Each structure stands twice: as C-alpha cells, then as structure tokens.
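**Q** Below are the chains, spelled out letter by letter.
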Amino acid sequence: MKRFFSCKFIVALFSFLFFIGLAQAAEPIKFGFIHSLSGGIGQVYGVPDLAGVKMAVKEINDAGGVLGRPLEVIERDDKLSPETGARVAKDLVLSDKVVWLQGNVSSAVALAISAYAKEVKIPYITSAAQSAAITGEKGHRYVFRISTNTTNYCRSIANAAAKLWGGKKVFILGPDYEYGHRSKKDFMDAYTKAVPDAKVVGELWPKLGNQDWTPYISKIMSSDADFVYCSLWGGDVISFTKAAINFGYFDRIKHCGQDWGNMEALSKMDKQVYPKGVLGGSHYPYWLIDNPISNQLAGKFIKETGMYPGLSISGYTTVYAMKKAIEKAGGTDPEKVIDSLENLEIDAAVGKLVIRKCDHQSMWPFWVGKVIVTKDQPWPHISDAILLDPSQGYRSCEEISQVRAQQ
Amino acid sequence: MNIQGLIIQLLSGISSGMVIFLIAVGLSLIFGTLKVLNLAHGALYMLGAYLCYWISCQLSDLGGSFWLALFFAPLIVAIFGGSIEYLLLRRIYNREPLDQYLLTFALILVIGDIIKLLWGVDFNMVPVPWPLNGPFIYMGYVFPRYNLFLILCGPIVFVGLWALMRYTRLGKVIRAITYNREMANALGTNVQLVYTAVFMLGCWFAGLGGTLIAPLTSAMPGMDMVILIECFIIVVVGGLGSLSGAFIGSFIFGMVNAFGILVFPRLAIAFGFILMIIVLIIRPWGLMGKPE
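These protein sequences, in sequence, are chains A and B.
In terms of our numbering, the first sequence opens at residue 2 and continues consecutively.
In terms of our numbering, the second sequence opens at residue 15 and continues consecutively.
Hints are computed from structural coordinates only; laboratory data are not their basis.
No experiment lies behind these values; they were computed from the predicted model shown.
Watch out, some of these pointers could steer you wrong.
To be verified - Covered stretches of chain A, going by a simulated chain B footprint (3 or more residues, C-beta under 8 Å):
#1 142-155
#2 395-408
As the list claims (entries may be wrong) - Cut-off 20 Å, straight-line C-alpha distance, at most; resulting in silico cross-link-like pairs (EDC-like, lysine to aspartate or glutamate):
#3 A/K80 / B/D136
#4 A/K31 / A/E76
#5 B/K130 / A/D78
Note that the Cβ used here is the ideal one computed from N, Cα and C, for glycine as well.
When you get a sec, could you build the whole thing from the sequences and use the hints?
**A** Here it is in structure tokens:
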C-alpha cells in the first residue's frame with residue numbers, strides 16, 4: 002500500500018511539475034507600446050508604427066517566439082500628453098508587468114516616460130521621438146533609441162547641401178519653437194564646418210500651423226540667398242508647398258530641409274503639386290535600399306497594412322532587437338537585457354545597425370536626396386541619395402559625456 | 015531689397031489682408047447689428063473650408079468643381095448658421111454677454127468635433143481651380159494668379175456690402191435696427207427676422223472666407239482658432255460693427271504682417287498683437303468705430 006501510494010504520488014507529482022514547467026515556458030513575454038494613436042499625428046506616426054510592431058510580433062511568434070515564449074504587445078495611447086504617457090507607462094509596468102516599453106513620437110512624452118523608466122529600472126526604447134536630448138543630455142542606462150535623432154538629421158542635410166551646392170549665403174525658415182531654433186543651430190554648426198565662410202543672410206520664423214505663406218514666400222524669393230534651409234515639418238511642409246507652387250518657387254529657389262523627403266509628408270502630395278528638386282531627408286527610403294530584409298519587409302508592409310513604411314519601421318526593428326537581446330541574455334531580467342542591448346548589432350531593414358553603448362543611440366542612417374516623381378512610385382520621393390556616415394552624423398561619445406557633465 | 019521685391023511684398027500684404035477681410039467682415043456685421051460677438055465665427059469658417067473640400071471631391075469629375083463649391087458651401091454654412099440663430103442664439107439676446115460668449119464658445123467645440131467626425135483629422139488638399147492656378151508673370155514679376163483673384167474679391171465684397179446697406183430696403187432696415195432697435199420695432203419691422211437674416215449673412219461670409227482660403231492652404235483642424243484670433247485683431251483695430259473699419263483694419267493688418275517680417279523677422283508673430291495693443295490704448299473704439 003505504501004509503495005503503491007508513493008509510486009503514484011511521485012508520478013503525479015512529476016506530471017504536475019512537468020505541466021507547471023510547460024505553462025511557464027509558454028507564458029508570454031509582454032511589452033508595452035505607448036504612442037499617439039488618435040488625431041492627425043497618430044494617423045501619421047502611431048498607427049503605422051503599431052502595425053509594424055504587430056507584424057513583427059506575428060512573424061516572431063509564428064517562428065516559435067523568443068526562448069520558446071510568445072511575444073505579446075499591449076498598446077496604449079499617450080494622446081501626446083506627458084502626464085498621460087507617464088500614467089499609462091506606470092500601469093503597464095505595475096499591472097501588466099511588461100518587460101520593456103517602446104514607442105512615442107513626441108519628445109516631451111518620451112522624456113517623461115524615460116524618467117519613469119529610470120525610476121523603475123525597466124528598459125524604454127523610443128522609436129520616433131527625435132530630440133537629441135533623450136539619449137544625449139538627458140540619457141541614462143534605461144533609455145534607448147532605435148531611430149535617428151535631430152543631430153543626425155541636421156548634419157546629414159548640411160553634408161548634402163555642402164556637397165551639392167556649397168553656397169555661402171543661407172536663408173533660414175523654421176517654425177518658431179525649440180525644434181526650429183535647435184535645427185538652425187545644428188545645421189549651421191555642421192554647415193560652417195564644411196563651408197567656413199557661410200552665413201545666415203535672412204531668417205523667418207512663422208508660427209507652427211501658419212496658414213498664409215504669401216508674405217514669407219515673397220520675401221524669400223526676393224532675397225539674394227544661395228539656398229534656403231527649412232525645418233518646417235508635417236502639415237506645414239504640405240501647405241507651404243501648395244502656396245509656393247503658385248509662385249513658381251521650386252523652379253527658382255534651392256530649398257532643403259530634413260522633413261522634405263519623408264514619406265509621411267510626400268505621400269500626401271500628388272505628382273503635380275510637390276516640392277520639385279528640393280533636397281530632403283528620409284528615414285527609410287525603401288525604393289533606394291537593396292537588402293534581403295528590406296526587400297521583403299517593404300512589400301509585405303504595404304500589402305498587409307495598406308500603409309507605406311517610413312519612420313514607422315522603427316517599432317518593427319525594435320521588436321527584433323529586443324528578441325535578439327533577450328536571447329543573448331538568456332532571459333528577461335532587465336539588467337541582463339540592457340547589458341545585451343549595449344553594442345548589439347542587428348540586421349535591420351536599413352542595413353547593419355549598432356546600438357552604441359555610451360548613449361544607447363542606434364547608428365540609424367539618414368538618406369538625403371532630391372525630390373522627383375517617377376512612374377513606378379505613386380507619390381513624389383527622393384532619389385540619388387547621399388548618406389552621411391553615422392559616426393559623423395551623431396555626436397561622438399566624448400561630446401555626449403561632455404554635455405551630460407554640464408547637466 | 016529692390017523695388018521689385020518691395021512691390022511683391024506689398025501685393026502679398028494686400029492679398030493677406032483681403033482674405034482676412036472677407037472673414038472679419040462677417041464677425042463685424044453680426045456684432046454691429048445683433049450686438050453678439052460670435053466666437054464660433056472661426057468654426058463656421060472652418061466648416062466652409064471643409065465643405066469646399068468635400069464638394070470639390072464629390073464633384074471632381076465635373077469640371078469647375080471649385081466654382082460649384084464656391085456657390086454651395088457658403089450657402090450651406092449660412093443655412094446652418096440660421097438654424098443656430100433660430101434654435102439657440104435667439105434665447106439669449108437679453109442675457110448678459112458672458113452667457114453669449116459661453117454659448118458661442120461651446121459651439122466652437124461642437125462644430126469642431128462634428129467636422130472631425132465627418133472628415134477625420136487629416137490635412138485635406140483642395141486644388142487651385144483653373145484658370146487661377148500657377149503664377150502670373152509680367153515683366154519679371156512673379157505672383158500667384160489665385161492671390162490676385164483674392165485681391166480683387168476684397169473690394170468687390172466691400173462695395174457689394176456697402177451698396178446693400180445703402181441702397182436696398184434690407185440694408186436700410188438693418189441700419190435702422192442697428193441705430194435704434196426699439197424704435198424700429200415700434201415702427202413695425204420684424205426685428206427677429208432681420209436678426210436671423212443678418213446672422214445668416216455673417217455666416218455666409220465666414221463660409222465664403224473658408225471656401226476661398228481652402229485652395230491656398232488646406233482644410234485642417236485648428237484653422238478655426240488661428241483665424242478667430244486674427245479676426246479679433248481686425249475688428250478691434252477697425253472698430254466693431256463698422257464695414258469700412260473691417261476693410262481698413264484688414265488692410266493694415268496685412269501690411270503690418272508683410273512688412274513686419276521684412277524688418278523684424280523674429281517678431282513676426284507679435285506684430286498683429288502689438289498693433290492691436292497700440293490701438294486699444296490710443297483709440298479703444300477702433301479707427302472707424304464710435305466711442306460708446
């Protein structure tokens with residue numbers, strides 16, 4: 002009787018432990034996705050990013066998951082508000098027990114979530130917030146960026162403008178807030194290194210969302226500048242282009258700017274009303290990139306989501322980066338995952354991507370080219386792109402430690 | 015800057031001013047006669063812009079869809095305005111101004127959300143209609159044709175409204191009511207009906223402004239508040255309730271903006287407000303208004 006009892010008991014115990022073990026193995030790895038999902042900005046940035054993330058999650062889970070466990074994304078809308086962003090981050094970490102947080106296009110929200118991530122020691126990877134301060138002045142161990150940043154933009158545009166034009170008289174046009182003024186500074190710092198006696202001969206600072214561009218356009222057209230550096234973005238690019246076309250602006254003025262090559266703005270224009278010949282930048286010009294990952298991703302993204310991939314593939318890339326980091330760390334312990342992410346090299350759609358250790362900024366390149374229309378692309382796009390080596394595009398590790406010391 | 019540049023900048027200023035005039039005149043008219051400051055004026059202008067976009071899209075196979083939109087969109091806005099007046103505003107004429115502001119402010123939010131519901135939050139482009147697209151080039155001067163068209167619209171509307179006020183029976187009745195409402199009522203005029211008519215006319219102007227500006231920029235969220243603030247500057251500078259005041263105020267505003275950015279580009283945003291502050295201090299009832 003004793004022997005029988007103990008035999009069955011041991012079998013039962015082992016079966017029980019086996020099934021417990023199995024359940025543990027299949028327990029999903031949850032991560033939080035916080036982005037602006039409503040409103041105009043949400044439609045352009047948040048919604049495609051989430052679509053890319055879901056695509057990555059499905060691909061990974063179909064192939065067996067991460068360390069045998071499926072990934073599960075929990076998405077939340079930050080409504081472009083730092084308070085909301087921090088609050089949903091807290092929910093995700095405390096209630097849903099996510100392993101990492103990612104997302105955001107608003108730098109203000111990203112900074113708020115970054116501060117929270119530092120507090121709770123959970124990794125946060127921003128995929129679209131571009132302010133250099135996030136990984137620079139305000140960077141720390143728990144924040145990463147798998148995307149470009151404002152320093153790289155401005156230096157890439159300056160590099161291309163110096164190579165193609167090299168004019169000494171620059172006209173500045175930008176939206177009147179921190180982003181616009183910072184862009185002017187970063188651009189001129191980089192441009193004057195390449196063209197030493199270049200100077201600003203005129204500047205205009207319209208408010209964000211300005212509607213009547215007529216007096217601005219007429220002033221620019223009567224100035225004697227060699228070219229215009231323009232940090233307008235989003236809707237302003239579209240409305241400025243519309244107004245400028247009727248002045249014959251793009252036939253007469255050399256014009257460049259970081260947001261003038263982006264899919265997000267250009268895909269809203271048609272083949273008649275577009276900024277012809279403008280030097281613009283793009284995060285992911287898939288029509289110019291030829292590697293197996295990109296070729297497969299671009300077509301699949303368009304087909305499955307009905308949207309075009311642009312800055313939105315940062316989210317997709319981040320998921321794959323986290324997969325690699327977790328596999329390398331052998332588990333989801335935050336400190337081990339962060340150690341694995343540092344200096345991690347991933348094969349991304351934009352090429353080989355390194356996540357630098359000193360500031361956790363990925364060396365994501367930024368393509369700058371002239372905007373044209375062709376038969377095979379449904380909207381205006383850049384071509385003949387010039388690429389600035391990311392080691393020059395981003396601030397060096399010394400520069401980063403210097404600015405952090407000044408905080 | 016050479017002469018050519020200055021002339022183009024002058025034209026830019028005039029065209030900006032005329033666009034604002036078309037919108038501000040409605041606000042001034044409503045205040046002058048109904049003594050109500052219609053805060054929802056900007057929202058109605060935005061509605062006009064979206065209707066222009068929508069009608070142009072629906073009828074894009076027809077040639078001249080913009081011109082059809084120009085006819086219908088302000089009309090729809092006017093009818094919508096008339097129903098607002100009949101159902102809501104009428105009940106609060108005798109209340110204190112704060113109640114009127116609260117109601118019209120609430121309308122801003124309601125109209126804004128209706129527009130978001132119907133058309134989403136994207137930027138909606140309206141193409142510049144033929145034959146006004148492209149630049150007008152004359153002896154080396156380049157200026158958009160559509161802006162020249164807008165410069166012409168301003169005086170046409172001004173003269174038309176002035177003639178309406180002066181020579182038609184409706185105009186005389188409106189002026190009578192503006193001058194002395196009780197007496198006009200006592201003499202048998204249907205004040206209530208005229209109020210509705212004037213409000214509809216003011217809304218028609220808001221819709222017209224929105225329709226005309228849609229090809230220049232696009233129909234986008236937030237355009238209502240931007241324009242409302244600029245309209246306030248105009249009517250303060252020109253004098254609330256005065257037609258010529260709105261015209262002169264708009265003209266000055268356009269000039270100040272166009273030449274302000276030539277002289278002090280960093281203060282560009284502030285110029286309109288500086289102008290308004292100066293007028294409020296020196297001549298608070300506006301250039302063409304009457305001291306109360």
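**Q** For which of the previously enumerated hints does the structure constitute a violation, in increasing order of number?
**A** Hints 1 and 2 not satisfied by this model.
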